[in-house]
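> Numbering-wise (the numbering used here), the sequence shown opens with residue 1 and increments by one.
If you're looking for bench data, these hints aren't it; they were derived computationally from the structure.
Values in this document were obtained by computation on a predicted structure and should not be read as measured data.
All C-beta atoms, glycine included, are put in the ideal place defined by N, C-alpha and C.
Check the hints yourself; a few may be wrong.
Said to hold, decoys possible - Cβ pair distances, simulated, as ranges:
#1 Arg-76 x Trp-13: 14 to 24 Å
#2 Gly-128 x Thr-29: 14 to 24 Å
#3 Asp-239 x Ala-167: 37 to 47 Å
#4 Glu-147 x Ala-263: 17 to 27 Å
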Amino acid sequence: MTRFPGYPFASRWHAHPGGLRQHYVDEGTGAPVLFVHGNPSWSYLWRRPILALRDRFRCVAPDHIGMGLSDKPAAREYDHTFASRVDDLDALVGHLIAHRGAPERGWTLVMHDWGGPIGMAWACRHPGRVARLVVLNTAAFPSPHGERVRLPLRAPLWVLRRTRLGARLFLRHNLFARGATWRPLGVRRRMPADVRAAFLAPYDRPEHRVAVQRFVHDIPLRPGDRAWPLLEGTGRRLDRFAGLPAFVGWGLRDPVFDPAMLAEWRRRLPHARVEVCRRAGHYLLEDAHERFVPAIRAFLTET
Numbered sequence: 001m002t003r004f005p006g007y008p009f010a011s012r013w014h015a016h017p018g019g020l021r022q023h024y025v026d027e028g029t030g031a032p033v034l035f036v037h038g039n040p041s042w043s044y045l046w047r048r049p050i051l052a053l054r055d056r057f058r059c060v061a062p063d064h065i066g067m068g069l070s071d072k073p074a075a076r077e078y079d080h081t082f083a084s085r086v087d088d089l090d091a092l093v094g095h096l097i098a099h100r101g102a103p104e105r106g107w108t109l110v111m112h113d114w115g116g117p118i119g120m121a122w123a124c125r126h127p128g129r130v131a132r133l134v135v136l137n138t139a140a141f142p143s144p145h146g147e148r149v150r151l152p153l154r155a156p157l158w159v160l161r162r163t164r165l166g167a168r169l170f171l172r173h174n175l176f177a178r179g180a181t182w183r184p185l186g187v188r189r190r191m192p193a194d195v196r197a198a199f200l201a202p203y204d205r206p207e208h209r210v211a212v213q214r215f216v217h218d219i220p221l222r223p224g225d226r227a228w229p230l231l232e233g234t235g236r237r238l239d240r241f242a243g244l245p246a247f248v249g250w251g252l253r254d255p256v257f258d259p260a261m262l263a264e265w266r267r268r269l270p271h272a273r274v275e276v277c278r279r280a281g282h283y284l285l286e287d288a289h290e291r292f293v294p295a296i297r298a299f300l301t302e303t
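Kindly produce the complete structure, drawing on both the sequences and the hints.
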């Protein structure tokens with residue numbers, strides 16, 4: 001029996017300069033589909049879409065450095081930033097094109113959470129490579145709420161980003177990753193125990209939780225934040241993708257990616273096919289996979 005239920009994929013590795021190894025899944029043949037996860041998930045999030053698509057598409061799903069099955073460097077050994085994630089993705093795709101038979105063009109980009117900023121920043125470097133977009137509870141532009149964090153999130157985010165208590169909650173207690181698997185924070189449907197264990201397995205001890213912590217520290221909330229220029233610049237360039245076939249899937253019970261962000265995607269991708277589930281939360285592929293996985297397959301086969 002696989003250690004991770006529903007994830008029967010061979011592990012592949014890409015060695016970055018400096019020796020860090022990035023884990024990725026590469027399943028199936030056909031037009032390439034690139035899955036980009038966020039924080040604190042990993043490529044396990046994509047298990048159902050990969051199984052549903054690999055008969056017709058080449059499904060590539062990397063784990064960010066420090067996450068999933070990739071190497072987990074200490075803070076001093078790797079630059080845990082938004083920009084470094086984009087560089088890593090660019091290097092991996094370049095490797096697949098140069099050495100693994102992947103085409104230069106025709107990529108479908110599937111994004112969730114931090115995968116949206118990372119994936120779209122990469123797409124802005126290579127707009128000719130991207131043929132279609134699949135957007136799932138994410139953003140790739142400054143918050144439509146402005147600089148102020150929404151009230152329910154303001155105090156928890158301040159604690160996690162600014163205090164010693166936040167560091168203990170991240171590193172000692174793994175609270176952020178655990179919370180993402182609980183109702184009602186990350187899901188509205190109770191996760192089976194073995195699935196929850198699989199989501200948490202890569203973050204089994206404090207030194208393996210650094211990337212999860214640094215992703216939260218790097219959230220660009222306002223000008224002056226380190227990641228702000230890259231996010232703001234990505235948002236300004238999204239208009240070049242407005243004419244692409246796009247699918248937007250959204251769980252409306254997400255405490256972070258709320259209806260205002262969905263409305264922003266509708267504005268920026270005016271021709272997108274939009275599927276909304278009122279009962280799904282942040283991990284919409286856990287809460288409503290019966291609805292969203294067939295919808296994604298239908299979108300890809302029909303466009």
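> Which constraints among the numbered hints does this structure fail? Numbers only, ascending.
none
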